[in-house]
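Engineer: Listed below are the residues making up each chain.
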Amino acid sequence: MQETQPDGTPAGDAPARPNSLRSGPDARGRFGIFGGRFVAETLMPLVLELDQAYAEAKADPAFRRELDYYLKDYVGRPSPLWFAHRLTQELGGAKIYMKREELNHTGSHKLNNVMGQILLARRMGRTRIVAETGAGQHGVATATVCALFGMKCVIYMGATDVERQKPNVFRMRLLGAEVVPVTSGAGTLKDAMNEAMRDWVTNVRDTYFLVGTVAGPHPYPEMVRDFQSVIGEETRQQMHAAEGRLPDIIVAAIGGGSNAMGIFHPFLDDASVRLIGVEAAGRGLDSGETAASILRGRPGVLHGNRTYLLQDADGQIDEAHSISAGLDYPGIGPEHSWLHEIGRAEYVGATDDEALAAFQLCTRTEGIIPALECSHALAHVARIAPTLDPETLIVLNVSGRGDKDIFTVAAHLGVTL
Amino acid sequence: MSRPSSRIARRFAALKEQGRGALIPYLQACDPDYDTSLALLRAMPGAGADLIEIGVPFSDPSADGPIIQAAARRGLKGGSTVAKVLEMVGRFREGDSDTPIVLMGYLNPIGAYGPERFCADAARAGVDGLIIVDLPPEEADLLEGPAAAKGLDIVRLVAPTTTDARLPVVFDHASGFVYYVSITGVTGTRTASSDELAAALPRLRAATDLPVAIGFGIRTPDQAAAAVRVADAAVVASALLATLEDTLDEDGRATADTLPRVLAQLGDLSHAVRAARG
Ligand SMILES: Cc1ncc(COP(=O)(O)O)c(C=O)c1O
Numbered sequence: 000m001q002e003t004q005p006d007g008t009p010a011g012d013a014p015a016r017p018n019s020l021r022s023g024p025d026a027r028g029r030f031g032i033f034g035g036r037f038v039a040e041t042l043m044p045l046v047l048e049l050d051q052a053y054a055e056a057k058a059d060p061a062f063r064r065e066l067d068y069y070l071k072d073y074v075g076r077p078s079p080l081w082f083a084h085r086l087t088q089e090l091g092g093a094k095i096y097m098k099r100e101e102l103n104h105t106g107s108h109k110l111n112n113v114m115g116q117i118l119l120a121r122r123m124g125r126t127r128i129v130a131e132t133g134a135g136q137h138g139v140a141t142a143t144v145c146a147l148f149g150m151k152c153v154i155y156m157g158a159t160d161v162e163r164q165k166p167n168v169f170r171m172r173l174l175g176a177e178v179v180p181v182t183s184g185a186g187t188l189k190d191a192m193n194e195a196m197r198d199w200v201t202n203v204r205d206t207y208f209l210v211g212t213v214a215g216p217h218p219y220p221e222m223v224r225d226f227q228s229v230i231g232e233e234t235r236q237q238m239h240a241a242e243g244r245l246p247d248i249i250v251a252a253i254g255g256g257s258n259a260m261g262i263f264h265p266f267l268d269d270a271s272v273r274l275i276g277v278e279a280a281g282r283g284l285d286s287g288e289t290a291a292s293i294l295r296g297r298p299g300v301l302h303g304n305r306t307y308l309l310q311d312a313d314g315q316i317d318e319a320h321s322i323s324a325g326l327d328y329p330g331i332g333p334e335h336s337w338l339h340e341i342g343r344a345e346y347v348g349a350t351d352d353e354a355l356a357a358f359q360l361c362t363r364t365e366g367i368i369p370a371l372e373c374s375h376a377l378a379h380v381a382r383i384a385p386t387l388d389p390e391t392l393i394v395l396n397v398s399g400r401g402d403k404d405i406f407t408v409a410a411h412l413g414v415t416l
Numbered sequence: 000m001s002r003p004s005s006r007i008a009r010r011f012a013a014l015k016e017q018g019r020g021a022l023i024p025y026l027q028a029c030d031p032d033y034d035t036s037l038a039l040l041r042a043m044p045g046a047g048a049d050l051i052e053i054g055v056p057f058s059d060p061s062a063d064g065p066i067i068q069a070a071a072r073r074g075l076k077g078g079s080t081v082a083k084v085l086e087m088v089g090r091f092r093e094g095d096s097d098t099p100i101v102l103m104g105y106l107n108p109i110g111a112y113g114p115e116r117f118c119a120d121a122a123r124a125g126v127d128g129l130i131i132v133d134l135p136p137e138e139a140d141l142l143e144g145p146a147a148a149k150g151l152d153i154v155r156l157v158a159p160t161t162t163d164a165r166l167p168v169v170f171d172h173a174s175g176f177v178y179y180v181s182i183t184g185v186t187g188t189r190t191a192s193s194d195e196l197a198a199a200l201p202r203l204r205a206a207t208d209l210p211v212a213i214g215f216g217i218r219t220p221d222q223a224a225a226a227v228r229v230a231d232a233a234v235v236a237s238a239l240l241a242t243l244e245d246t247l248d249e250d251g252r253a254t255a256d257t258l259p260r261v262l263a264q265l266g267d268l269s270h271a272v273r274a275a276r277g
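Residue numbers (numbering that gives the first Met the number 0), protein chains in the order written: chain A, 0 to 416; chain B, 0 to 277.
These aren't lab readings, by the way, just hints derived from the structure by calculation. Note that the coordinates shown come from a computational prediction; the quantities given were computed from them, not determined experimentally. Don't take each hint at face value.
[Claimed, not checked] Here are the simulated DMTMM-like cross-link-like pairs (lysine to aspartate or glutamate), alpha carbons at most 25 Å apart as the crow flies: (1) B:Lys76 x A:Asp311; (2) B:Lys83 x A:Asp317; (3) A:Lys57 x B:Glu137; (4) B:Lys149 x B:Asp221; (5) B:Lys83 x A:Glu345; (6) A:Lys165 x A:Glu288; (7) A:Lys71 x A:Glu232; (8) B:Lys76 x B:Glu86; (9) B:Lys15 x B:Asp250; (10) B:Lys83 x A:Asp313; (11) A:Lys57 x A:Glu318; (12) B:Lys149 x A:Asp313; (13) B:Lys15 x B:Glu249; (14) B:Lys76 x A:Asp225; (15) A:Lys165 x A:Glu177; (16) B:Lys83 x A:Glu232; (17) B:Lys76 x A:Glu318; (18) A:Lys151 x A:Glu232; (19) B:Lys76 x A:Glu288; (20) B:Lys149 x B:Asp95; (21) A:Lys151 x A:Glu288; (22) B:Lys76 x A:Asp317; (23) B:Lys83 x B:Asp34.
[Said to hold, decoys possible] Distance windows between CB atoms, simulated: (24) A:Ala410 x B:Ala197: 57 to 65 Å; (25) A:Asn202 x B:Pro201: 20 to 28 Å; (26) B:Pro167 x A:Asp205: 26 to 34 Å; (27) A:Gly413 x B:Glu115: 53 to 61 Å; (28) B:Thr254 x A:Glu162: 30 to 38 Å; (29) A:Leu173 x B:Asp95: 57 to 65 Å.
Glycine included, C-beta positions come from ideal geometry on N, C-alpha and C.
Can you build the whole structure from these sequences, using the hints too?
Structural biologist: Quick look at the structure:
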């Protein structure tokens, strides 16, 4: 997919310019002071092997061709960029486009990354896949490709999430995956991540750990970002085709940060494009019950990388809270921490209630039931769009569809299904 | 790189002269409360501990199995903080200036305390070495400077997955002793066979002159004895914590059985270690 920027220079796969914000991470896997490889020695040789295997795959045109084939014919890419007429009218301001990642096979952006990593795992000769999941979207995507390639699949999921994402649990089991409920901690994504790491350290010889977001030890943040960047690359082209120019504002929800990183990354060097990540503010940013790692956390080390974390004064990690299981994580990918510190991206919050309202707004005005995760991003769009003029182009990343959330939403609306 | 003056080096040198290996028991700070764990710590040398590892509780012990996870939860519930752990070591030192103390934990609580301040306060309290599970050599520059400046040993972990080519990277800047993680897995699960251990040790010996301790999966006196026949020390953690857990009452509080039973088990392990090479 070739493309030309307004000034005539090629974009997309073009090598990063000197001084580019897209050239990270460095050789140690760092984005500024963030990232790195903070893992036990047992895992370190594996992480180094993965780094090398990914570098080789990335440089191999055959790998790219294979991935493109599956992205097109199995995932269903490219996903459309939809001009949201009625939502734009309803909010009365900026022109709102939606990047329709919910139309991917399995219903979210997660499959972009999973497709890339499963092909890599096969290249590396691994036969058993483990993954962590929060909302279950990453687990479903992983179980799906394991079914596709006939690989053994074990999904770790917090017991609380197993409860609130029942449809996805059933889906994973139908796909042949073993779903292991994790009861340590609050039984959410952080605990599932710990347990997946424990499995990996125990089964190093045959197992590939398929991380679902732009976090974890290097090279995961880079690799997952690269696989998700297809979102931003398509957006760039599609916006150029629709409006003949770059968008002005891109808004995405942040759990670990993969859908946001995927749509942000191809625009990092375009200073005119405002990038806004929306964290889950839970019951309110100052309620003590949030998943807003950047807005309410400080830098620390967890799950293999240095990044912003919700933690207490003693460095114990706090439990996150969000109505959305996919955002319920006390950390964020290290590249976001860096983009925050250098001021290239902005991070804001949206509460549970704001997300619920946005969920309904989208459903009513566009006929699209969005996942609760990206409903947070829409809540922020609903806040700013009315204050902007109609020339302003906003892209909202609709990272997933909301069918999995209807039980949660019904419960909050007082409806028994 | 072992500093001859360090407590750890002196202890291993003395044991070498006696021709026996070391027993290194482990306890989790404040498990299940500060007073019990301080009392246990103080009684360990008398029951046969040659060095002692104190686990610094962390909310997310991703390299540990269920037994240490539970101990860490009890420790946090029992009021553990990094400052409390250091205070505990200081109190221990009032009555014991010889038994080396090694803190084992994860990086984030130390990062939150501040690496420089932590090393200064730890050395002052009487800590001798640090084992930071999630700090591989590639990231260790963070702590090496402050630790060396305060005379703290950084104990490096080696695993079955560590390749020969990687050993020099791991042992660069290592001091005190080397900790061989004898299985691929989390703590307190599988046990390495004597054959596996016998096969692993020569390659470590070829790459370092430091004493080698074996840990992860040593539960019984026989296993501890087997470990010190090929290595310089045996670390026992989960087996002691499981005993401790077993003595707690329904509300997770220590009982009159807690210390006696853990110390009796420690005594049995110690006898086996002392007799191993006899
Ligand atoms: C639909 C959807 N959006 C967003 C997320 C959050 O993850 P990330 O921030 O990595 O995109 C999830 C995670 O489960 C999800 O399912």
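Engineer: Okay, which hints does this one fail, numbers in order?
Structural biologist: 4, 5, 9, 11, 13, 14, 16, 18 and 21
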